[in-house]
Structure formats: C-alpha cells, structure tokens
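Protein chains: 2
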Amino acid sequence: MSATITAFERSPDRGRGLARDMRVRWALEEVGQPYDVRLLSFKAMKEPAHLALHPFGQIPTYEEGDLALFESGAIVLHIAEHHSGLLPDDANARARAIAWMFAALSTVEPPIVEREMATLTERNKTWYDERRPMLEGRIRDRLDQLGQRLGDADWLDGGFSAGDLIMVTVLRRLDSSRLLDEYPNLSAYVERGKARPAYKRAFDAQLAVFTAQGRT
Amino acid sequence: MSATITAFERSPDRGRGLARDMRVRWALEEVGQPYDVRLLSFKAMKEPAHLALHPFGQIPTYEEGDLALFESGAIVLHIAEHHSGLLPDDANARARAIAWMFAALSTVEPPIVEREMATLTERNKTWYDERRPMLEGRIRDRLDQLGQRLGDADWLDGGFSAGDLIMVTVLRRLDSSRLLDEYPNLSAYVERGKARPAYKRAFDAQLAVFTAQGRT
Numbered sequence: 109m110s111a112t113i114t115a116f117e118r119s120p121d122r123g124r125g126l127a128r129d130m131r132v133r134w135a136l137e138e139v140g141q142p143y144d145v146r147l148l149s150f151k152a153m154k155e156p157a158h159l160a161l162h163p164f165g166q167i168p169t170y171e172e173g174d175l176a177l178f179e180s181g182a183i184v185l186h187i188a189e190h191h192s193g194l195l196p197d198d199a200n201a202r203a204r205a206i207a208w209m210f211a212a213l214s215t216v217e218p219p220i221v222e223r224e225m226a227t228l229t230e231r232n233k234t235w236y237d238e239r240r241p242m243l244e245g246r247i248r249d250r251l252d253q254l255g256q257r258l259g260d261a262d263w264l265d266g267g268f269s270a271g272d273l274i275m276v277t278v279l280r281r282l283d284s285s286r287l288l289d290e291y292p293n294l295s296a297y298v299e300r301g302k303a304r305p306a307y308k309r310a311f312d313a314q315l316a317v318f319t320a321q322g323r324t
Numbered sequence: 109m110s111a112t113i114t115a116f117e118r119s120p121d122r123g124r125g126l127a128r129d130m131r132v133r134w135a136l137e138e139v140g141q142p143y144d145v146r147l148l149s150f151k152a153m154k155e156p157a158h159l160a161l162h163p164f165g166q167i168p169t170y171e172e173g174d175l176a177l178f179e180s181g182a183i184v185l186h187i188a189e190h191h192s193g194l195l196p197d198d199a200n201a202r203a204r205a206i207a208w209m210f211a212a213l214s215t216v217e218p219p220i221v222e223r224e225m226a227t228l229t230e231r232n233k234t235w236y237d238e239r240r241p242m243l244e245g246r247i248r249d250r251l252d253q254l255g256q257r258l259g260d261a262d263w264l265d266g267g268f269s270a271g272d273l274i275m276v277t278v279l280r281r282l283d284s285s286r287l288l289d290e291y292p293n294l295s296a297y298v299e300r301g302k303a304r305p306a307y308k309r310a311f312d313a314q315l316a317v318f319t320a321q322g323r324t
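Protein chains in written order, with my numbering: chain U, 109 to 324; chain W, 109 to 324.
Derived from the structure by calculation, the hints contain no laboratory data.
When chains are identical, the list treats them as one kind, so a pair holds in a single copy or across two.
Here are the simulated lysine to aspartate or glutamate pairs, EDC-like style, with alpha carbons at most 16 Å apart: (1) K154 <-> D252; (2) K302 <-> D312; (3) K154 <-> D249; (4) K302 <-> D262.
Kindly produce the complete structure, drawing on both the sequences and the hints.
This is how it looks when you write it as structure tokens:
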C-alpha cells in the first residue's frame, strides 16, 4: 500500500528542499518505499478538507490506507518503525535515536525558526539590528553543544538514523546564514547527509515540482 | 528496574510544575512506575558529568539500567512504549497519539516559549510593547486551530494519551498569561488533565522539592 504525502504546490524556498516534506521524502527513499505526492496551494492548506488531515493547516501530511498523520517528526518515526534502515535494532540505541529526533525538533530547530521569522517579518523594524545578535547567540549556544557532542563522529549516535535525518534537515535551514560555517564538524555532518543517495533522490523529486512550473 | 530522572534543585518556577521533569513524573505516575530523582544545581547541569547524559545541559534526563535518555518527549514516548496506559493498542490510533506529542512540542510550544523568553529577557526594551501583540498573535493562531480540532471532546484523539499529557503541560506554560482564558474548551481540557490522580501525584512530588527548601 503506497503512501500519499502533501507538499507545497509552490514551495516558498524555490526548490531548495527546506520545506518539511523533504524530511518525509528522504525517509521514504532511505527505506525504499514509493510514494505519491499531492500538491497544495496556500489557499487549499487552510480549507476544511486539508484541516481535517492537518489541524494546523500545514504540510506534510501522510496518508496510507486508513491512517492519516501530520507532523514531519511523527511521520518519519512512523516510517522508521515500519521499515528497516532508519532505527537501530538494539532497543537502547533505538530509544536514543528517537531522542535525537525530538532534540532536533524541540531544542535545535526553534531558535533557528525564530531567527528566520525575524528576518522575514521584522527586517525593517528599528530593533532588528539589536535583536539579531541575541537570536544568533541562542542558535550558537545550541550549535556549540551539538558540535561538542558530535565531535569527529560521522553521525550523532552510531550509524545513520532517523535522528540524523531530522537533524540534518534542521541544520540545513541555516543555509542562508553563515552560522554553520563556524562549525566545521557540523558543516561536514550536513554534507554527509546530503551525499546520501536517498537524500539526493528526495531532493531531486522536490526540485522537480518547482522546475515543472517553469519557475527556474 | 527503577528509573532515575533529573530535576532542578531550585526550580525557576517555584514549584508551579512548569519545568519539563513534570512531564516525565506524570507519565511515570500514569503507568504506575516508581522512580528516583536526582536534583541538579544550575552549575552542575553545565558540567561534563551531566553533559554526558544531556548534550544540551538541561533537565530532565532518564536513566534505567544501561539506558540514558534526554528530551522530555523522547522519555515520555519511551515510558509509553514500555508500559500500558499512555498509548492506544490500535496501531493507527497509536501513531496519531504520537503525532500529537510532536505537534505539542514542535508546533504549539515554540511560540509559547518565544513569548516567555521575550517577557524574561526583553521586558525593558523599547520594542517590547510593539512586539508583544505579534508574539501573542502567533500563539493565538495555534490555539485557534487546536481549539477547533478539540471541539467539545475530552481529549485530542479518543482516550487520554501521551499526546494529551504533553499538550496539557505545554498549554500550562500559558498560566502566567491570560491567553488560554480566551479558549474555554482548551482551558477545560487543561483542567481535565490536572484533575487526573497521576497528575496530582506528580505535581505534589515536584512541589515537595521546592517546599523542602523552606522557600514557600
């Protein structure tokens, strides 16, 4: 039974793979599962049909038979639990990989999104220049700690896992800043993620949505 | 094998149960598992011994035999997976309950924490009064959507689950604002959570840490 996910009809990042469907596409590619994509306009995302699938009117969603899920973290975890390749077999290592998924989404991503939102919505405000170092400081606090933990390892805890998959996509949101450049081991970590064949297939698939609209 | 969790030696909320150990205590009470608590000073949280357990130097952590976990969401999920009472038996309902855990932590909590941080660190800034309505607007967007979805149901998806446990603790962080008062069904939802005997036992346990220091 093939799954159907939703994605932006017109991705705000112009095909750079920063939207959250990228995580789900990557996970499905890692485990070798085919999927269909239903594209949504911004208008359709706020209409009742989509709100029934996603109470916060966002993408991605995941439909598979009778199951409808939202939240990219939950979808990736669901995929990881039902197919091999994204979670270790050892029970403790599995729990730790899941902890890294939560860490990426609850601890590392929020200050990154906060800075993004300020750039988008407060750039012309008088306080923007004074607040920016504070926002970047919060991100650096997390990157310092994450970089310390990663050290010279390839992945966060043993082999590549769903925790790395989520973390790499979270760190990629810093692409438009130079913040990650200050952390060579984290930059290399992100590049390692991007070099995976499954990542490339997922990236190409989301890019194809953008290029198909003649908007390159 | 009894678990050991960590919590603040001196909780910044003065025993109001808003720190993230509350989630883990509540989960352990719901499933009827005893636990030990190791209290940490702010200084100890940033020392190597604790950073080995929690890369971001926070509480709670969870130790059980050879397993050491961090991130309250991951810990609650681990408890829910190994004991009955926090996740439905039906596979699809289980996946949806986990989606609500991620939604609470990744979608609902970040704007609430952002407002909290602004109140703590930017209250005396010239821009505070202008930014506050914007921050509250982002919270209201989420509460509007969450309240719509909950409707007049008792819990987010069928019976009480780990998703409700996390969501109630996230919404409780709005206690010091009046924002939740605008949403009678969400206020009643939080009160339903707080009325659970397991919640009360967990709340009393964290409060006892505070009162034991003669700081009432």
